[in-house]
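Chain A is fixed; fit chain B onto it per the hints.
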Amino acid sequence: MSDASTEMKVTAASDIEVDRDALDQSIKDFVGPNGDYYVDAFHTIHDSTGVFPKTFNIAAALVGPVWASSRAIWGMFWSFLILEIIAWVQIGRGLWGNLGADFLARADQQRERMQERLDQAAAAADDETRQRFETLAENMQRAIDQNLERAEAAQAEGVSILLMGLALLLVFKLAQGIYANIAYEKQYSRWRIDPEGTESGRSTTNLVLGLVLAALIAPLIIYKFTVSNSLALLDEFPERQVSEMVLGDGGGTLFGAVASWMEARIDAAATAGGDVFDGIVAGVRTVLDGLTLALNGSPWPVVMLVIAVTAYRAAGPRVAIFTVAAMAYTALLGYWALAMETVALVGAAVILCVIIGIPLGVWFGKSQRAYRMAEPVLDLMQTLPAFVYLIPIIAFFGTGNPPGILATIIFGMPPVIRLTALGMRGVPESIKEAAVAFGASKWQLLKDVEIPLALPSIMAGVNQTILMCLSMVVIISLIGGGGLGQEILEALQFAAKGPGLLGGFAILFLAMVMDRVVQGAFKRADQK
Amino acid sequence: MDDPVVKLENVWKIFGERSAEAMKAVREEGLTKPEVLERFRCVVGVQDASFEVARGEIFCIMGLSGSGKSTLVRHVNRLIEPTAGKIEILGQDVSAISASELRRIRAQQIGMVFQHMALLPHRSVRDNVAYPLEIRKVPKSKRWAISDHALGLVDLTGYEDRLPRELSGGMQQRVGIARALASDPEILLMDEPFSALDPLIRLQLQDQFKALVAQLKKTTLFITHDLDEAIRIGHRIAIMKDGVIVQIGTPEDIVMNPTDDYVREFVQGISKLKLVKAHSIMEPMESFKGSLDTAPRADEGADLDQLIDLAVGTDLPVVITQDNRDIGIVTKPRLLRGIQGGKDE
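In the order they appear, the protein sequences are chains A and B. Here the first sequence stands for residues 973 to 1500, numbered as in our numbering. Here the second sequence stands for residues 98 to 442, numbered as in our numbering.
Fair warning: there could be bad hints in the mix.
To be verified - Each pair of labels, with its calculated beta carbon distance range: (1) 195/B x 1397/A: 25 to 35 angstroms; (2) 1031/A x 162/B: 49 to 59 angstroms; (3) 1171/A x 265/B: 49 to 59 angstroms; (4) 1487/A x 325/B: 54 to 64 angstroms; (5) 1171/A x 135/B: 26 to 36 angstroms.
Keep in mind the hints are simulated off the structure, nothing from the lab. The structure displayed is predicted, hence computed values, not measured ones. We put the CB at the ideal spot given by N, CA and C, even for glycine.
Bound conformation, chain A alone (with noise of 0.2 angstroms):
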């Protein structure tokens, strides 16, 4: 196999020379317009050892933005785009901004009072009268003098805060000449990588968009901060003009159109879907009684010691003592029964969430294509604000408990869901071949095989659901939920620091109780 044309020689690294040419007319490919100059600064770039290479740009220093938007290097177009505008806007104040208006404007003011001091001096019938206006008109002199000195100060200002503005843009320019050829470079770099999705050359039309989002932006900004009184239209958004434009005279505003339209909307729906919501509530009312009764209906020393029991069997002795301690700080400032309301509210949308989250979660495991379906779904449950739902909710289903839970359940499902679709996708093709290659059918592939080995995932899922579903219960007070919150709302309504911070723990103990006893049976069911 060795040839002595496919022998290699063996070089030095300190003797290989550097191949300019194939190098140079790449970077002509990239550069388009003026390649030979940027060849010699992508030179000195490449043989530089320091931090900064030496060269600069001129046309960048000159034009600034506008060359780094022709040669498409946004992010160094709209960094100096605003460092430019800001140096700009010191320069306009600096040149023919009123600086002292204020000032003047008080003074102007005051010498009208002191006008007036005088006017009653004059017409006043005795001499004490007329004295004590002359030292009140004295005393207005002595201000308006100290308001024009201090707007002659600020006017004396203007100088500097120019020649500030001055050095500013002189500082971006020169910043812009160094750093013109270096970013460029780095553009460069990246082009080798991905010449398809990485802009070369000098462009018009990134050239235009520059000039213009450049003439758009920097006259207005400059405008607004360096005359005192700029036209109201740039302040405020013209939302009335734009609704009569739209609506005609007395038609009211978009905002109100669209809100009432919809509004009717929600009303015609809940209406014609009456017996449907009115089903649904009572379904989620029968788990709640359920757990209600179960909670609050048995004697209170069966549901402590069992709760400890379990505890101790789930969890371990220690869980097991600060669960006895979190009851008895809960009895003991008499919040037991509305304690177990709450855990019955948790428990029920918990148990709902799972009974609809784990299939769900299997089917979007198993078929791409739903899980792609209901992705934005389950974001938009987890992302949009809990009040924002809460009225629709309202609308639809009532107030008090069962329409609380199911604002916990929005809240509280897609991570049940999404752990068990990634549970399921986890389980590895090999052993599913396996099952299968030995006669199991669908259902004993499931059963057996995918969700056993996706249960670590599943159950992560769980603990997830009941802890978001917990931090519901404050909110779901707001449309009549009970239990702990309303207590908290309460407090809140009448800022009850006391009763507040008191509730508030009996929540946490709460919280930290049933986290530690449902990750404590999982750890041991996960050693099994």
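Relative to chain A, chain B alone:
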């Protein structure tokens, strides 16, 4: 010889959404693989494969990765549906049977062992082995007894209640073999079962496996990318390249008469001493002029190794016999060429 246990006839597998169209075009226009890929964006996995495996035979399918050997063997239990062709198991056409019948055949007639073991991590070794029986709804007491017996066959008694992750790789694969044997299937499909193991364990398991299969008389399809393994284990070997079966034959056949350069390159490094038998290198009696009365004698089934032992003690050629009848001779030049693997001087 009775009917073949496994029989594949002109099996094609084309992957891709337009596989049916591609198949038609291949039939009618005789497209090549690259043409199919270009025109239909379909990949030809298996191309016109036919073979038969007799009862009790170990049939090795050898090829490099991507040659389609795993795809081919998955047609036997229809983990992969053929695009065209016929597959018969024990005389039954499996491409025509219902889903439940297919599941029954998979559970009862075919045991499969996988390269990555594919054991259920949450079940004990015993329950893993019993899983094919559980699928068939065999009662627990019965399947535990069968499972313990199968584990005994692979020398894993005493590990029944462990979890798979507590066992070494070699032991895990033995669990895989026990699982495949548990339902006492007619056919074993071995998908590179020993590839992921280290060489010493692999040798051990190969021998153990060969003995076990001979004892249990299982018909075996054994996939491997290692020719040494194929020769060591297989009664017959099929060599696959790019989805095509290039050559089918006994190990000796393949080594002595490779059909093309591809196979020749493969067999180059294989030691022929234990593989090549006297009858394949012998010359006719007439080619030696002289008395052979004192020449050493060997049966036609003697391998090169034995022939060398006989040849070093004499200047005469070795006489080859069949049923105590002289049928040919092996001269020293022939013997040396035989060791090299070539036949001609």
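Do the hints match the structure? See the list:
1. Between residue 195/B and residue 1397/A the beta carbon distance is about 30 angstroms. The supplied range of 25 to 35 angstroms therefore holds.
2. Between residue 1031/A and residue 162/B, the C-beta spacing of about 56 angstroms keeps the proposed range 49 to 59 angstroms intact.
3. Taken as a hint, the range 49 to 59 angstroms holds for the pair residue 1171/A and residue 265/B, whose Cβ atoms sit roughly 57 angstroms apart.
4. For residue 1487/A and residue 325/B, the hinted distance range of 54 to 64 angstroms is satisfied, since their beta carbons lie about 57 angstroms from each other.
5. Here the CB-CB span from residue 1171/A to residue 135/B is close to 33 angstroms, well matched to the stated 26 to 36 angstroms.
In terms of the numbered hints stated before, the structure departs from none.
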